[in-house]
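Number of protein chains: 2
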Amino acid sequence: MKIAIAQLNYIIGDFEGNTSKMLKSVEVAKNQGADIVAFSELATCGYPPRDFLEFDDFIRRADESVEKLKQASRDIAIIVGTPTVNPVIEGKDLYNSVLFLYEGEEKFRQHKTLLPTYDIFDEYRYFEPASEWGVVEFKGKKIALNICEDLWNIGNENPLYTINPMDEVIKYDPDLIINVSASPFDYNQAKKRLHVLKANVDRYKIPLFYINHIGAQTELIFDGGSVVMSPNGKIFNEMTYFKEEIKTFDLDEVMKNTRSVEQPKDKMALIHDALVLGIKDYFGKLGFKKAIIGLSGGLDSALTTVLATEALGNENVFVLMMPSQFSSKHSITDSIDLADNLGIDYEIIKIEDIYTEFIEKLKPIFKDKPFNVAEENIQARTRGTLLMGVSNKFGHILLNTTNKSEMAVGYGTLYGDLAGGLSVIADIYKTEAYQLAEYINRDDQIIPCHIINKPPSAELRPNQYDSDSLPDYDILDKVLYEYIEKRQGPKELVAMGFDEKLVKRVLRLVNMNEFKRYQTAPVLRVSEKAFGVGRRVPIVARYLS
Amino acid sequence: MKIAIAQLNYIIGDFEGNTSKMLKSVEVAKNQGADIVAFSELATCGYPPRDFLEFDDFIRRADESVEKLKQASRDIAIIVGTPTVNPVIEGKDLYNSVLFLYEGEEKFRQHKTLLPTYDIFDEYRYFEPASEWGVVEFKGKKIALNICEDLWNIGNENPLYTINPMDEVIKYDPDLIINVSASPFDYNQAKKRLHVLKANVDRYKIPLFYINHIGAQTELIFDGGSVVMSPNGKIFNEMTYFKEEIKTFDLDEVMKNTRSVEQPKDKMALIHDALVLGIKDYFGKLGFKKAIIGLSGGLDSALTTVLATEALGNENVFVLMMPSQFSSKHSITDSIDLADNLGIDYEIIKIEDIYTEFIEKLKPIFKDKPFNVAEENIQARTRGTLLMGVSNKFGHILLNTTNKSEMAVGYGTLYGDLAGGLSVIADIYKTEAYQLAEYINRDDQIIPCHIINKPPSAELRPNQYDSDSLPDYDILDKVLYEYIEKRQGPKELVAMGFDEKLVKRVLRLVNMNEFKRYQTAPVLRVSEKAFGVGRRVPIVARYLS
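First to last, the sequence lines map onto chains A and B.
For the record, in the first sequence the residue sitting at position 206 is 552 according to my numbering, with numbers rising by one throughout.
For the record, in the second sequence the residue sitting at position 437 is 783 according to my numbering, with numbers rising by one throughout.
Worth double-checking, as some hints may not be accurate.
For chains that are exact copies, the list does not tell them apart, and a pair is met inside one copy or across any two.
Here are the computed lysine-lysine pairs in the DSS-like style, where the Cα-Cα straight-line distance is at most 25 angstroms [to be verified]:
#, residue 1, residue 2
1, Lys696, Lys739
2, Lys850, Lys613
3, Lys800, Lys485
4, Lys635, Lys709
5, Lys707, Lys696
6, Lys696, Lys709
Source of the hints: derived by calculation from the structure; they are not laboratory data.
Use the sequences and the hints to build the structure in full.
If you want it as structure tokens, here you go:
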């Protein structure tokens, strides 16, 4: 038996586009000689559809897509994830289901049992868990069909659920598992995924076909890397990362395979490719082409510009340099060097006159109050207004250049440098930004070394450096990582050896600045815990603040 | 037996403050002769604690609060909601629990069974549902203790759960129900609540004590209105709305009561009181006193200013009027009239010079492109920058004045008039804004009638009116209500009699503008479906857009 995995990039709610892409893939799979072609979780509607699921209209359209796929299943079996209606009045209205279509009919459906409801996932918001399990027989083989999380309660130190659906299904003695997934990227996820899949194969001793999405959906980046695993736990095939691919596998070969073939998983290479895809899909799926970025001469805006150029092409990236009286000379010269390296257009607008006009007009109110964060923020907001002006005039999307360290401690101006439609590197700590720059410069010096080597500065007052008001990024980032990614509290952090005062100060900064993060752009997620939809913290609270 | 209900206003994560408030209430209840004093759901840590629950430190602190309450329970029973640790490794790490403390000990605990995971609720993100139920015996009475949603699967057309925990508990033949809740306000909620509580009493034929939170937690406003219901379904007492209260009830009197006493529930009065509390708690709990508002001469900023003045006092509200060359004369005169009526300070800053300076600097890029939304937005962002400048200089919080109709269709400038720390009326449609103005002016003309009667205009270009680019608010608001609150799709809306083209256009505007709502302030929630945490829609999608 030959099984094709179709690892595709869907658009949420684009039923016509998604269906037509799947129908084309059915033809490709047929040409590859496949008996079965498998698409991923909620492939009809895209993942995550979020509250669109609450519209009957949305579910009807998913049903229409399934009808079309049924028609295409006359001489090839199609496995596809889709939302289905729960016919029982009690419980949630929908199931997250995988269908087995063949001979123009639905032969089998299995609902998802384990509904991830943590971090970025909200599945129990919409779906009733399965309470019945079975297998589908096809061409002499019994297939266990399941969905993503259904395999993820095994091989975990902290199992989130009280049951394992495969423990029920194994009673029917299946010959293989086909799991349709929507498993978003973080830089550890590919390894965790292989670990979990292997734990399943080790337990159930049958081969496993795992089909993931690829493509970015606002902040979430699905990395592909679909897997075929032999019953001995060897990786028969790990499909490409960050690209669409349709590939057909012979079950007999999978059964007798004895060696593992794995894709490389270098952290910075993965992050780089993920961010480029994140930008590309944000623009492409929204129907935009051009990005605008404010180039400050610092590392963060340089990184964002490089990534945008890779994603969109240098003809589609435009940068503004907006020096003030507080800007260093190198802020412009370094920026021009970078723009020239990338071959992108730039303009320079000096902001001093606008700033002065603002200050002039505010004088009757400010009176003789000393220069403080108010004046600093007026500069940042003047720049934000100029960038958005160009964005509005020409239909660019403004890319935000904030890093995760700044975002965490609120070192940024709301409506100023925190403006933008998409935050490209706000899930990367400052110390990781240097590693990413190194990766980008691995062959050529794309980012001028002076941009990398200069001490970080906001340049909003004379001789200002990040280190004046923040701990060293080396220490800060470690505290932030343990607090944000690992949810270590103050006691645990002090026990790890961090200074108590510093811990208190950093945690207070993080919590006090939740109001800023609430109003910033979606952040491309590359870590296990990004700011945004996966991290939900009250603004008004009195905890560690 | 005498039972005290303590309807209190907690701060999330303020364990010391919440505990000391509860300890004082224990004394009040004792003085009222109570045998039991009941606090609400998750009273130790405040509701909703969101991802703070993922910190061991947070749970330890809740445990410490419980220890202190135990000490206070020597001669009065204390009922309190708190998160507790799930000792079993499988399943979520926590339970949402209610404890019965007496004689310095924990006598009983019941975990919550039905975990609301919809709209603004995320409880299955954190909590394992209960699988065991019981009653606690106290002074000869058997008490069924449960938590909020546990009573809400009865009396609903669309039951969300497959079980009713009270159906299990009733087997132990309880004499009364005590339900600790965290039930947020919307303008229909009080009626729904009474309906659901009555459905329970009708089914189980025993009296019911229902304890709610009061107080705002960022966007959520808890309205209090705790209820004592007699076994015949009559309302023995409905406690005050939007205020803290501790009240003791004699069970014998509750049993023999034959008449219902209900609080008035006028929609606009409720909304008004909710919004005032929402502002008051946002400022008070964050430790701020003063608000700044941009007063345009229109209805929305007038309403926001009145509400802020009621919440914070006229000495704490400062308004800026920022006319441009496109502003009408009445934009200033009307604003001054309002400021004088309220007795608040104001300043006037003309923005034309700053705007001109922006345009001048952008000329080399804009060249001879015609005036469009770019220039309009520069005016709005100039105003935003001025308002935030004052906010940053003096420590005001900027209040956002957008209404729900504008927010829905994206009729507002990101980082301009959409700026602010809290959106006061963004859950009120424009047509409701007029009703709220009427309510505010019910005795005196606080809002000048010219502000109410003039045609809505953004005044960002000559002779511009909302009606130029938007359908009449009368129709627009109806479509929006059916789409947003009632999740009616395009087919359903057309079937209701709305024009198909109009429906398509409005739905497209709503979906296209999700990116703006993502970046705006938290919205005080007064309807069944507010923008913000309770409505989760992808930015990048191709559905009705």
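Comparing the hints with the structure gives:
1. When the C-alpha separation of Lys696 and Lys739 is checked against a cutoff of 25 angstroms, the pair qualifies both within a copy, at 19 angstroms, and between copies, at 24 angstroms.
2. Taking the closest pair of Cα atoms, Lys850 and Lys613 never come within 25 angstroms of each other, the shortest separation being 30 angstroms inside a single copy and 45 angstroms across copies.
3. Proximity of Lys800 and Lys485 under a CA criterion of 25 angstroms is satisfied in neither setting, with 65 angstroms inside one chain copy and 74 angstroms between copies.
4. In this assembly of identical chains, the alpha carbons of Lys635 and Lys709 lie at most 25 angstroms apart only when taken from different copies (23 angstroms versus 42 angstroms within one copy).
5. Both within a single protomer and between protomers do Lys707 and Lys696 lie at most 25 angstroms apart by alpha-carbon distance, with minima of 19 angstroms and 8 angstroms respectively.
6. Taking the shortest alpha-carbon separations for Lys696 and Lys709, both the intra-copy value of 22 angstroms and the inter-copy value of 13 angstroms come in at or below 25 angstroms.
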